[in-house]
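**Student:** Using the sequences and the accompanying hints, generate a full structural model.
If you read the sequence shown in the working numbering, its first letter stands for residue 1, the second for the next number, and so on.
You may find that some hints are simply not true.
[As the list claims (entries may be wrong)] EDC-like, lysine to aspartate or glutamate: derived pairs with alpha carbons at most 20 Å apart:
1. LYS141 to GLU210
2. LYS141 to GLU188
3. LYS141 to GLU185
4. LYS141 to ASP232
Simulated from the structure, these hints should not be mistaken for lab results.
Bear in mind that the values here come from a model prediction, so they are computed numbers and not experimental data.
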Amino acid sequence: MRLPLLLATLGAASAAAAQQAPPLDSAVVALMRASSVPGVAIAIVRGDSVELHGFGMARVADGAPVDPRRTLFRLASVAKLFVAASAAQQLDRGALALDAPVNRYLDGWRTADDVTVLHLLTHTAGLDERLIGYAAPSLEKLEPLGEHLRRRLPRQGWRAGELTGYSNYGMALAGYLVERVSGLEYAEYARRALFLPLGMTRTFYRAVPESLAADRASAHRCGGDGCQPLPDLYSHPYPVGLAYSTAADMGRFVRALLGQGPADSVLDPRARAELFRERFRNEPTVPGISLGFFNQRHRGLPILAHSGSVPGTSGLLVVAPSRRVGFYFVANGGRSAFGAALRDTLLDRLLPDLATTEPTPAETVALPAAWLDRLAGPYLLTRYSHATVERFPMLFGAVVDVTRGGDGVALPMDGGRRRFLPVDSLHFREEGGERVLAFRRDPRGRVTDLFAPAPVFGAEYPAALERLAWHDAPHFMNEYLSG
Numbered sequence: 001m002r003l004p005l006l007l008a009t010l011g012a013a014s015a016a017a018a019q020q021a022p023p024l025d026s027a028v029v030a031l032m033r034a035s036s037v038p039g040v041a042i043a044i045v046r047g048d049s050v051e052l053h054g055f056g057m058a059r060v061a062d063g064a065p066v067d068p069r070r071t072l073f074r075l076a077s078v079a080k081l082f083v084a085a086s087a088a089q090q091l092d093r094g095a096l097a098l099d100a101p102v103n104r105y106l107d108g109w110r111t112a113d114d115v116t117v118l119h120l121l122t123h124t125a126g127l128d129e130r131l132i133g134y135a136a137p138s139l140e141k142l143e144p145l146g147e148h149l150r151r152r153l154p155r156q157g158w159r160a161g162e163l164t165g166y167s168n169y170g171m172a173l174a175g176y177l178v179e180r181v182s183g184l185e186y187a188e189y190a191r192r193a194l195f196l197p198l199g200m201t202r203t204f205y206r207a208v209p210e211s212l213a214a215d216r217a218s219a220h221r222c223g224g225d226g227c228q229p230l231p232d233l234y235s236h237p238y239p240v241g242l243a244y245s246t247a248a249d250m251g252r253f254v255r256a257l258l259g260q261g262p263a264d265s266v267l268d269p270r271a272r273a274e275l276f277r278e279r280f281r282n283e284p285t286v287p288g289i290s291l292g293f294f295n296q297r298h299r300g301l302p303i304l305a306h307s308g309s310v311p312g313t314s315g316l317l318v319v320a321p322s323r324r325v326g327f328y329f330v331a332n333g334g335r336s337a338f339g340a341a342l343r344d345t346l347l348d349r350l351l352p353d354l355a356t357t358e359p360t361p362a363e364t365v366a367l368p369a370a371w372l373d374r375l376a377g378p379y380l381l382t383r384y385s386h387a388t389v390e391r392f393p394m395l396f397g398a399v400v401d402v403t404r405g406g407d408g409v410a411l412p413m414d415g416g417r418r419r420f421l422p423v424d425s426l427h428f429r430e431e432g433g434e435r436v437l438a439f440r441r442d443p444r445g446r447v448t449d450l451f452a453p454a455p456v457f458g459a460e461y462p463a464a465l466e467r468l469a470w471h472d473a474p475h476f477m478n479e480y481l482s483g
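**Tutor:** This is how it looks when you write it as structure tokens:
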């Protein structure tokens with residue numbers, strides 16, 4: 001189906017919701033048009049209430065409308081919050097300890113001795129990235145979690161606790177520790193300890209049951225010629241992304257995170273507090289990370305978020321515990337800028353007292369042009385392999401090119417380049433915004449690292465990036481290998 005025709009159906013698909021909240025509906029439809037999004041489901045939690053909204057099409061191929069109570073979408077990395085919540089349960093019961101070495105809970109194999117449970121849950125274990133062997137060719141060929149981790153867990157490339165390095169395998173290992181201490185295979189544990197107590201009867205790991213196949217949304221690649229469905233993708237470390245749910249079920253999960261409904265039977269107040277508490281910062285001036293959640297700010301208010309993306313589907317979960325509000329939404333195609341745009345639209349409606357609040361301008365300093373030029377250059381996200389060929393593709397997919405931007409520096413963000421102005425020689429703040437970034441030098445004065453937010457569909461991962469030498473930069477490596 002061509003995209004203009006698809007978008008023309010949006011008003012009809014959301015007619016019921018439009019009677020209740022026309023301003024929100026019209027705003028969402030406009031954002032969908034701007035980002036070529038075929039379908040969206042939303043759950044909004046305000047204190048004790050949950051609002052559900054569905055827009056557009058779950059499947060372009062047959063025109064099935066999005067129903068926020070029935071339509072099942074892939075969760076992708078939002079499912080990592082299930083792992084974090086499961087671990088918080090076991091921490092609260094004393095079966096796991098944050099400062100305990102991971103090897104204490106393993107049997108017959110080991111990871112690096114300095115890795116603790118806390119490191120896994122905050123992406124600070126220092127594990128290399130692993131691409132080869134991560135995906136499974138089919139659902140039937142998924143390996144048992146423990147067996148796969150024993151064979152394929154990446155080696156350690158950085159010391160544990162040194163910096164953030166986003167790791168699917170690290171969080172999957174945290175899920176496996178829940179298996180070890182509970183005696184239940186992780187999918188079954190999540191079903192019994194999270195989904196059933198919260199009434200999440202349409203949330204599943206690995207696959208949607210055949211009886212509900214007609215309610216499953218398709219992933220789409222959308223462009224000028226319309227939206228085309230994409231095939232399923234499967235991953236052996238399934239707890240961190242191979243899950244499906246509805247907006248209604250995820251609203252129940254958000255309520256539990258905020259302490260509403262049957263929350264105490266799943267996460268008591270102490271466990272929720274431990275889940276939300278910030279645990280690590282790459283540098284004192286930049287936002288950090290909690291157990292599974294990324295810490296960020298909206299118009300000065302601290303919020304916690306996690307997004308998830310696989311080709312053709314992206315979702316975002318946000319909570320503001322101090323205000324007892326949160327939401328989850330998912331889109332089955334379109335541009336990634338949609339995530340941040342809808343995030344801000346929902347937060348401004350949930351927190352109207354902040355909607356007109358502008359960031360307080362930071363006092364900036366003037367730096368020599370030569371110093372700004374020294375800061376500029378390529379920086380590589382600390383999510384690569386130190387010792388295998390898997391490092392090479394990351395040079396072309398995880399390098400951030402920092403440039404001089406007038407009297408500051410500029411980074412690619414939000415579909416363009418955002419300028420950051422200097423607060424001092426190593427710390428910068430977003431022009432007209434509230435994001436911050438920091439550079440680090442070694443004892444010899446060389447710039448070695450950049451700590452900056454990495455926006456992904458509305459969540460902002462607290463990234464660490466390494467300064468690349470000129471001979472390691474993507475352009476040179478491409479020319480060298482071509483030659």
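**Student:** Now tell me if each hint is right for this structure.
**Tutor:** We went through each hint and held it up to the structure:
no.: 1; hint: LYS141 to GLU210; verdict: holds (18 Å)
no.: 2; hint: LYS141 to GLU188; verdict: holds (19 Å)
no.: 3; hint: LYS141 to GLU185; verdict: holds (17 Å)
no.: 4; hint: LYS141 to ASP232; verdict: holds (14 Å)
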